[in-house]
Amino acid sequence: MTASPSAKTGKPKLAFRPLPVPHVDVHGFWGDRADAVATRTADILYDRCVEAGMLEQIDPDRPSPGVVIPFHSPSPDEADRQGAEFTGSTVTTQMFWDSDLGKTIETAAYSLYRRKNPELEAKIDAVIDMYGKLQQEDGYLSSWYQRIQPGKRWTNLRDCHELYCAGHLIEGAVAYYQATGKRKLLDIMCRYADHIASVLGPEPGKKKGYCGHEEIELALVKLARVTGEQKYMELAKYFIDQRGQQPHYFDEEARARGADPKAYHFKTYEYSQSHIPVRDQDKVVGHAVRAMYLYSGMADIATEYGDDSLRVALDRLWDDLTTKNLYITGGLGPSAHNEGFTSDYDLPNESAYAETCAAVGLVFWASRMLGMGPNARYADMMERALYNGSISGLSLDGSLFFYENPLESRGRHVRWKWHRCPCCPPNIGRMVASIGSYFYSLADDALAVHLYGDSTARFDIAGTAVSLTQASRYPWDGAVEITLKPQAPVEFTLHLRIPAWSSSAALQVNGEAVDLGEMTSDGYAAIRRTWKKGDSVRLDLEMPIERLYANPEVRQDAGRVALSRGPLIYCVEASDNDSRLHRLTLPRTAEIEAHEAPGLLGGVVTLSATARADAGDGWQDGLYRSEPPASVETRMTAIPYFAWDNREPGEMLVWLRDG
1 MTASPSAKTG KPKLAFRPLP VPHVDVHGFW GDRADAVATR TADILYDRCV EAGMLEQIDP
61 DRPSPGVVIP FHSPSPDEAD RQGAEFTGST VTTQMFWDSD LGKTIETAAY SLYRRKNPEL
121 EAKIDAVIDM YGKLQQEDGY LSSWYQRIQP GKRWTNLRDC HELYCAGHLI EGAVAYYQAT
181 GKRKLLDIMC RYADHIASVL GPEPGKKKGY CGHEEIELAL VKLARVTGEQ KYMELAKYFI
241 DQRGQQPHYF DEEARARGAD PKAYHFKTYE YSQSHIPVRD QDKVVGHAVR AMYLYSGMAD
301 IATEYGDDSL RVALDRLWDD LTTKNLYITG GLGPSAHNEG FTSDYDLPNE SAYAETCAAV
361 GLVFWASRML GMGPNARYAD MMERALYNGS ISGLSLDGSL FFYENPLESR GRHVRWKWHR
421 CPCCPPNIGR MVASIGSYFY SLADDALAVH LYGDSTARFD IAGTAVSLTQ ASRYPWDGAV
481 EITLKPQAPV EFTLHLRIPA WSSSAALQVN GEAVDLGEMT SDGYAAIRRT WKKGDSVRLD
541 LEMPIERLYA NPEVRQDAGR VALSRGPLIY CVEASDNDSR LHRLTLPRTA EIEAHEAPGL
601 LGGVVTLSAT ARADAGDGWQ DGLYRSEPPA SVETRMTAIP YFAWDNREPG EMLVWLRDG
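Anchor point for the sequence shown: position 549 equals 549 in full-length UniProt numbering, and the numbering is continuous, going up by one each time.
Keep in mind that the hints were calculated from the coordinates and are not lab data. Backbone N, C-alpha and C fix where the C-beta goes; we use that ideal spot for every residue, glycine too. Worth double-checking, as some hints may not be accurate.
[To be verified] Label pairs and their calculated CB-CB ranges:
id, residue 1, residue 2, range
1, Glu491, His337, 51 to 57 Å
2, Asp194, Asp445, 31 to 37 Å
3, Gly411, Glu596, 34 to 40 Å
4, Glu481, Asp61, 52 to 58 Å
5, Ala465, Lys206, 53 to 59 Å
[As the list claims (entries may be wrong)] Calculated lysine-lysine pairs in the DSSO-like style (CA-CA distance at most 30 Å, straight line):
id, residue 1, residue 2
6, Lys267, Lys283
7, Lys208, Lys152
8, Lys206, Lys116
9, Lys206, Lys184
10, Lys207, Lys283
11, Lys184, Lys267
12, Lys182, Lys133
13, Lys133, Lys262
14, Lys222, Lys262
15, Lys206, Lys222
16, Lys116, Lys208
17, Lys208, Lys222
18, Lys208, Lys231
19, Lys222, Lys207
Can you make the complete structure from the sequences, with help from the hints?
Below you can see the structure in the form of structure tokens.
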């Protein structure tokens, strides 16, 4: 089922929009991961939401969890302050469960498109029916404020995730409509969005609020695009424009409910990126996931409205993130305390928080920056976060998860089935299930190819239907074959990304070599021609093995080296190496070789070299001595970082001692 016509938003002519998920089929590397989500993860997410008690919270036909006798029942103010976890004698409820169900619906939707699953579809339909029954006559819909804290809606936007939950339900509704053609949840969420617009906004008599946890902005853009209703785009723009304005809404809101604004438990509005208006911001601060969602929403609005003031701010923030505050894996947010940023160049490895959701959020942001035109500085980073910092959060079989993604482990960091705050499993699930939409984006007379790998895209351009097929073993091999099949000859520009990591690239069109230097801008080759059925493009990207070094300001990585090949960052695991990993040194003269390993971890390319390892001989009687340890040669093997902890638990290391 295709989406409805897009909203007319006055977008600039060259704005690019991602192809809808049902318009792209993925195979190969990403097809394997999408299959794992469709066959295992989607069902697991639903089952674990049920086990957590989420349906008890949303089902109006069941007794409200809020009326059971609690073991510990926080006061409303304490609940707001502590994250609103309510522990009862039979169930623990949390204010953000609507968001987890929304992401689970989204994951299921795109999984159902890929693989029929009537049982799961019936279960999701039943959840949607519950939300339909729960929705109030005025359109309001929040299981927390209807079932746990009735009478307090719209009183604490700063802490209580009201709009955040609405956003994820909206995204789930859009996905379910696109993938199945069913619009019941879409209609429910349109009613809720209309209610939100009646309460919040710049007009007289409305609250001038916005959410403490950004997300509604992204969702409203999707809702506008799928329904063609400009009013949802305007509401998204309002939330972006209003954030951080004075008088500060969160201060006024706290006083209105009789609370001290200064009692805010994080003590700073940097936590929610609401400390100053968004166009004045130039540093990534606070909660990492919130930041990524905000910048994603800003990029959407910049694209739709051609807003250069937002683009300038976004470029400042992008530079700050990528030059001072980003892990080599595309992970971000080093601190567990605020689940976010600390200070420039503070990138510890073993204690890295690097939440899966944050890397997923970076993928969202980078992909939306591409809406303003193909630019490899964004697409290269989207690829880095996709292949490393995000999918590391999901086991290869789709059943287990990481919340944190450290770059070093002594063997005690292992995947888990679920989490008290289960935001990451459905977030990585929905991203992988919708991966096709990150491959391509479409403008009025151009198609951009951002990611490479086995896939087929279907799109209309200049009134002509076109099918484009990629054949490639990417990311293991850099050869990409593209075949186009337009229904009739049609002129448009095909933009192909030339990754910065590729030391050399060669391009052919219908077998004839093309000079990349003459047609490459911002890291993309632009091929404009009248395309005919059977036209072919071949792109050959050299995939060198690289030694990567950190800025000397990153004290944790001083004297260390990391390895990459193509888009992949590598790590060493105890399973493949005889020596304790912290004893290894990689000599600068060592030759590093790539090896196909089809039987390892679902089929990967490993890197190997002769390293040196500190010997433990002679240290049995003491902790320190005046002589350095002896060293011995050892064979070192590295695997892609995304695949670690898919075997027996053990040590892992990204940054090796450099010799």
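Now the hints, each set against the structure:
1. Glu491 x His337: 51 to 57 Å: Holds - the Cβ-Cβ distance for glutamate 491 and histidine 337, about 55 Å, lies within 51 to 57 Å.
2. Asp194 x Asp445: 31 to 37 Å: Since aspartate 194 and aspartate 445 have Cβ atoms about 35 Å apart, the given range 31 to 37 Å holds.
3. Gly411 x Glu596: 34 to 40 Å: For glutamate 596 against glycine 411, whose Cβ atoms are near 28 Å apart, the range 34 to 40 Å is violated.
4. Glu481 x Asp61: 52 to 58 Å: 55 Å, holds
5. Ala465 x Lys206: 53 to 59 Å: Given a distance of about 44 Å, which is not inside 53 to 59 Å, the answer is violated.
6. Lys267 x Lys283: Holds: lysine 267 and lysine 283 sit about 18 Å apart, inside 30 Å.
7. Lys208 x Lys152: 17 Å, holds
8. Lys206 x Lys116: Since the Cα atoms of lysine 206 and lysine 116 sit roughly 45 Å apart, the hinted pair is violated (cutoff 30 Å).
9. Lys206 x Lys184: 28 Å, holds
10. Lys207 x Lys283: 28 Å, holds
11. Lys184 x Lys267: Given pair lysine 184, lysine 267 is violated - Cα atoms ~41 Å apart, limit 30 Å.
12. Lys182 x Lys133: Roughly 17 Å separates the two Cα atoms, so the pair holds.
13. Lys133 x Lys262: Given pair lysine 133, lysine 262 is violated - Cα atoms ~39 Å apart, limit 30 Å.
14. Lys222 x Lys262: Not satisfied, since the Cα-Cα distance of roughly 35 Å exceeds 30 Å.
15. Lys206 x Lys222: 24 Å, holds
16. Lys116 x Lys208: Violated - the C-alpha atoms of lysine 208 and lysine 116 are around 44 Å apart, more than 30 Å.
17. Lys208 x Lys222: 23 Å, holds
18. Lys208 x Lys231: Judged against 30 Å, a Cα distance of about 17 Å means the pair holds.
19. Lys222 x Lys207: Since the Cα atoms of lysine 222 and lysine 207 sit roughly 23 Å apart, the hinted pair holds (cutoff 30 Å).
Taken one by one, the earlier hints fail for this structure at numbers 3, 5, 8, 11, 13, 14 and 16, listed in ascending order.
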